[in-house]
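Chains as they are written, first to last, in the numbering used here: chain A, 118 to 402; chain B, 575 to 929.
These aren't lab readings, by the way, just hints derived from the structure by calculation. Mixed in with the good hints there might be a few duds.
With a straight-line Cα cutoff of 25 Å, these simulated DMTMM-like cross-link-like pairs (lysine to aspartate or glutamate) come out [what the hints assert, rightly or not]: (1) A:Lys311 with A:Glu292; (2) A:Lys210 with B:Glu650; (3) B:Lys597 with B:Glu704; (4) A:Lys311 with B:Glu704; (5) B:Lys824 with B:Glu842; (6) A:Lys293 with B:Glu630; (7) B:Lys597 with B:Asp845; (8) A:Lys210 with B:Asp589; (9) A:Lys293 with B:Glu736; (10) B:Lys651 with A:Asp295.
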Amino acid sequence: MQKEKKSRISLTVWPFYIWTALFVALPMVYVVVISFLQRGATWGVTAQFTLDNYLKMIDPMYGAIFLEALYVAVLTTLITFLVGYPFAYYVCKLPARLRSLVILLLMAPFWINSLCRLNGWMILLKSNGVINSILQALGIVDEPLKLLYNFGAVIVGMVYALAPFMILSCYNSIEKMDWAVVEASRDLGASPFKAFLTVTLPLTMPGIVAGCVLVFVPSVGLFFISDLMGGAKTVLIGNLIRTEMTTARNWPFGAALSMMMLVVTIGIIWVYKKVSGSNSLGDLM
Amino acid sequence: MENQPVLRLDDIYKDFGETKVLKGISLDILPGEFITLLGPSGCGKTTTLRIIAGLETATRGRVLIDGQDVSSLPPEKRPVNTVFQNYALFPHMNVYNNIAYALTLRREKKEVIREKVTRLLELVQLPGFEKRMPSQLSGGQRQRVAIARALVLEPKILLLDEPLGALDLQLRRQMQVELKTLQEKLKTTFIYITHDQEEALNMSTRIAVMNEGHFEQVGTPEEIYEHPVTRFAASFIGQANILEGVVEEKGEKSRVKLDQGGVIYVNEQIDAGVRVAVSVRAERIDYAAASGFGFQVPGVIERHSYIGGVLRTTIKLTGGQEILITGANPISDYPDGAAIQVFWDPNTAAVVERS
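The following block holds chain A by itself, in its conformation from the complex (with noise of 0.2 Å):
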């Protein structure tokens, strides 16, 4: 009986093994086998094992860019948190009408082309561009600010194209929560401060913690905002990546390159959650 059951659920899912087997798994096997192999003179690979495109990372030049694009990633994810948090929160308090609302306004934005958004962001930023046509106009300053093509545009850039992915994770779970044990922890000599520590927070934590990983694991690889965004002046490993699969036509490094940012990025997921697992009243308070 169970042993039936059992089968007949593997047959359904059957397709996504195959799915996930073909455009996941081998793939990425593929790039696990030519990150130790030498490239080929012209493009493409020999088959000649080595663990020189590992040994090559050593080099500090590509262990500053690894630390630039952590920067970058936990830089963004913070970013998202301290604004996507409080905006959540609030939508979490309008009336239901008004909360749907808000909610499609902020997944309207995904039917567009993320480039075309980009190009937006740059058409307000540049420097014969919106902002600062408006603020010379005005008269508060003389000479257009620099407000594209520097490191602050990148993260304004990153912050813009993953912040929904916080606010929508950390709404789902501001929303679920019960405020009836919000409103018990007033009633037991609370301030709302400590309320929201100790109660709201902790409460919320799984959205905050899926919410940071979904913005922190795209935001290590994305390279088009701060080629777009940062004139390509801060090489991130994305572009990094980039650069050595299609201009350098290094696939072998591109490859390890690809598995080392793999490896970071899972190792900071599990530190992560082992982290935010303990969020017991005692630690916050």
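Given chain A's structure and the hints, the job is docking chain B onto it.
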């Protein structure tokens, strides 16, 4: 000082937008009372409780605790605690931390907290449950933890919002007794909300019957049951029959001519010509071939139904109104369709309306 009310509600109004939820309620509650707000859902009883707790602000009116106006104080500054309807235990804390929460906020010493929590767990008969999470507890156990948590600061007033609503009948009866015993032991003032009349009658020192945002009647269970002053109070509690008529003759016992046919006497002096509504409890009515107390209320037995322990008899009056009678005797001398006279001791009926 003894008779200073621990809580005074002074003409409280509450509007939610267009809806007027509370329409001017006033009440004095003495220390050590077990007072129940009884009423149908939507009558404003929970709102009243939330205004006392400070979770809601009154549109108008004042809340005084021990003579002090607390109307503008936030919940954390009021010497009252609440047992919430669905307990609202902190799901991320174990039983110990739930109960200790209020003390931890006050930065009490660890030993003091430990001692108090242990004592409270004994009080609510859950010793040894410190490490359990709320999700691992049964409904009755959660209930006890919620009570212990609300008592940890030794509040002047404990507010209980339908605390037994989610429990099954047997457990509810048992918890009623426990709560009552607990209250008598602690001598804390309890303000208790329920829509269950049996619960209210069983536990309270006084009952406030609420309807559509105001108090219909405030009194002891006996007063409310035996001498309801409004039609609502009479019909919400117990099985009441309401009969309307006009006073024919004023006297020690005034004579009333019923719309449904017949005459009865009420135990009050009321001027002739006044329209009255009289409430009489189902179990106080008697019927026989010959009438009593000078009554002349003819009727016909519609049907008998045995409902376990009592016999319920429906009698149709001349005018067509049906009245319900419950009698302890499971067998009736009169078959269905028999013509009989209905009567009761005028002391056991109450005039609930006059115009």
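What's the verdict on lysine 293 of chain A and glutamate 630 of chain B, does the C-alpha distance respect the 25 Å limit or exceed it?
Within the cut-off at roughly 22 Å; holds.
25 Å limit on alpha-carbon distance, applied to hinted pair lysine 311 of chain A and glutamate 292 of chain A:
Answer holds: lysine 311 of chain A to glutamate 292 of chain A is near 20 Å, not above 25 Å.
Hinted pair, alpha-carbon criterion (25 Å max): lysine 824 of chain B, glutamate 842 of chain B. Please report holds or violated.
Cα-Cα ~9 Å, so holds.
Does aspartate 589 of chain B sit within 25 Å of lysine 210 of chain A, going by the straight-line distance between their CA atoms?
20 Å, holds
Hey, lysine 210 of chain A versus glutamate 650 of chain B, does the alpha-carbon distance stay inside 25 Å?
21 Å, holds
Quick one, are lysine 651 of chain B and aspartate 295 of chain A close enough, alpha carbons at most 25 Å?
23 Å, holds
Is the straight-line distance between the alpha-carbon of lysine 597 of chain B and that of aspartate 845 of chain B 25 Å or less?
This hinted pair is violated, its Cα atoms lying about 32 Å apart.
Under the criterion that the straight-line Cα-Cα distance not exceed 25 Å, is the pair lysine 293 of chain A, glutamate 736 of chain B satisfied?
Within the cut-off at roughly 23 Å; holds.
25 Å Cα cutoff - pair lysine 311 of chain A, glutamate 704 of chain B:
Given that 25 Å is the threshold and the Cα spacing comes to 23 Å, the pair holds.
Next pair to validate is lysine 597 of chain B with glutamate 704 of chain B; report whether the Cα-Cα distance is within 25 Å.
Given pair lysine 597 of chain B, glutamate 704 of chain B is violated - Cα atoms ~44 Å apart, limit 25 Å.
Hints 3, 7, counting from the list given before, are not met by this structure.
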